[in-house]
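Trainee: Sequence:
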Amino acid sequence: MHNAAPDIFRTFSPWALTGVLGLLGSAWALSAWQKLGVGKDLLWSAVRATVQLGIMGFVLGWLFRQHQPLLLLVFLVLMILMAGRFNRKRGAGIPHAYWIGVVSIGIATTVTLAWMLFSGLVFWRGESLVPIGGMIIGNAMNAVSLALNRLRSEVDQREDMLLAMLALGAGHRQAMRSLYAMVVRGSLIPTIDSLKSVGMIHIPGITAGMILAGMAPLAAVSMQLVVMLMLTASVTLSVSTAVLLAAPYALTFAQRTEG
-8 MHNAAPDIFR
2 TFSPWALTGV
12 LGLLGSAWAL
22 SAWQKLGVGK
32 DLLWSAVRAT
42 VQLGIMGFVL
52 GWLFRQHQPL
62 LLLVFLVLMI
72 LMAGRFNRKR
82 GAGIPHAYWI
92 GVVSIGIATT
102 VTLAWMLFSG
112 LVFWRGESLV
122 PIGGMIIGNA
132 MNAVSLALNR
142 LRSEVDQRED
152 MLLAMLALGA
162 GHRQAMRSLY
172 AMVVRGSLIP
182 TIDSLKSVGM
192 IHIPGITAGM
202 ILAGMAPLAA
212 VSMQLVVMLM
222 LTASVTLSVS
232 TAVLLAAPYA
242 LTFAQRTEG
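The numbers in our numbering rise by one with no breaks, and the one at position 61 of the sequence shown is 52.
Among these hints, one or two may not hold up.
[Unchecked claim] Each computed DMTMM-like pair below joins lysine to aspartate or glutamate, with the alpha-carbon atoms no more than 20 Å apart: (1) 80 <-> 184; (2) 187 <-> 145; (3) 80 <-> 32.
[Claimed, not checked] Taking CB as the label site, the calculated pair distances span: (4) 239 <-> 48: 39 to 45 Å; (5) 21 <-> 110: 28 to 34 Å; (6) 116 <-> 147: 18 to 24 Å; (7) 21 <-> 49: 30 to 36 Å; (8) 40 <-> 239: 35 to 41 Å; (9) 118 <-> 76: 22 to 28 Å; (10) 108 <-> 24: 48 to 54 Å.
Hints are computed from structural coordinates only; laboratory data are not their basis. Each residue gets a CB set at the ideal place from its N, CA and C atoms; glycine is no exception.
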């Protein structure tokens, strides 16, 4: 296949711009019509995504030209630190939610990238390491945010039972142990469902992008399989770590709120 996808910024036409704005406008109109209250968030998120992706494009272009391994590590660490900010919002009220997110995402990213480098699935180059690392960090961030949010919800629903266990002499970790598996399983539902349905119900973004870029379908789906297995492993590791770290603090938060 030789029909690679065109560079959208070089072939952008007024009609293309109208189509993109029309898609976003239709979503905004639906929100306004049904009074969903998400129109402002849609517009702001679209503007923010445009600016962030534009900046990212320039930064990655500069980073790839440097050929400095240390800069690649610094860049990935900065991404992890920024991901922790989103986890802090979702885990609002849980003490140390920011660092819980940073540590859990950092562990998952380090273990996954180390294994992939060792096995030769990725290479120590910016064009290989940064996109894969970014996917790991982004998916781990979303899963950890979901885990922290679900953990708070489960603690709120079972607070009386947990406090009773503490009154009977159980420690914080011992009392929270009954929630570990429940929270981890619930947080992994999107990841596991995506893995189950890939190739049967939807064509993932990596496969679609590679096919549009001219890669043979079999090669594209092979790479997609590697990426999805990688992401499943990293998400499971990050969520498990986050729940283990956050659970005792979530119970402490619940007690302080009651008082």
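Trainee: So the hint says 28 to 34 Å: do the beta-carbon atoms of residue 21 and residue 110 match that?
Mentor: 46 Å, violated
Trainee: Should the hint that residue 239 and residue 48 are 39 to 45 Å apart at their CB atoms be regarded as holding?
Mentor: 42 Å, holds
Trainee: Just to be sure I understand the hint, the distance between the Cβ atoms of residue 21 and residue 49 should be within 30 to 36 Å; is that true here?
Mentor: Given a distance of about 34 Å, which is inside 30 to 36 Å, the answer is holds.
Trainee: Okay, residue 40 versus residue 239 on CB: inside 35 to 41 Å?
Mentor: 36 Å, holds
Trainee: Does the structure keep residue 80 and residue 184 at a Cα separation of 20 Å or less?
Mentor: 25 Å, violated
Trainee: Residue 187 and residue 145 were given as a pair; does the straight-line alpha-carbon distance stay at or below 20 Å?
Mentor: 26 Å, violated
Trainee: Okay, residue 116 versus residue 147 on CB: inside 18 to 24 Å?
Mentor: 46 Å, violated
Trainee: Checking one constraint from the list: CA of residue 80 to CA of residue 32, max 20 Å. Satisfied?
Mentor: Since the Cα atoms of residue 80 and residue 32 sit roughly 16 Å apart, the hinted pair holds (cutoff 20 Å).
Trainee: Is the hinted range of 48 to 54 Å satisfied by the C-beta distance from residue 108 to residue 24?
Mentor: Check passed, 50 Å falls within 48 to 54 Å.
Trainee: Taking the Cβ atom of residue 118 and the Cβ atom of residue 76, is their distance within the range 22 to 28 Å?
Mentor: 27 Å, holds
Of the numbered hints listed earlier, those contradicted by the structure are 1, 2, 5 and 6.
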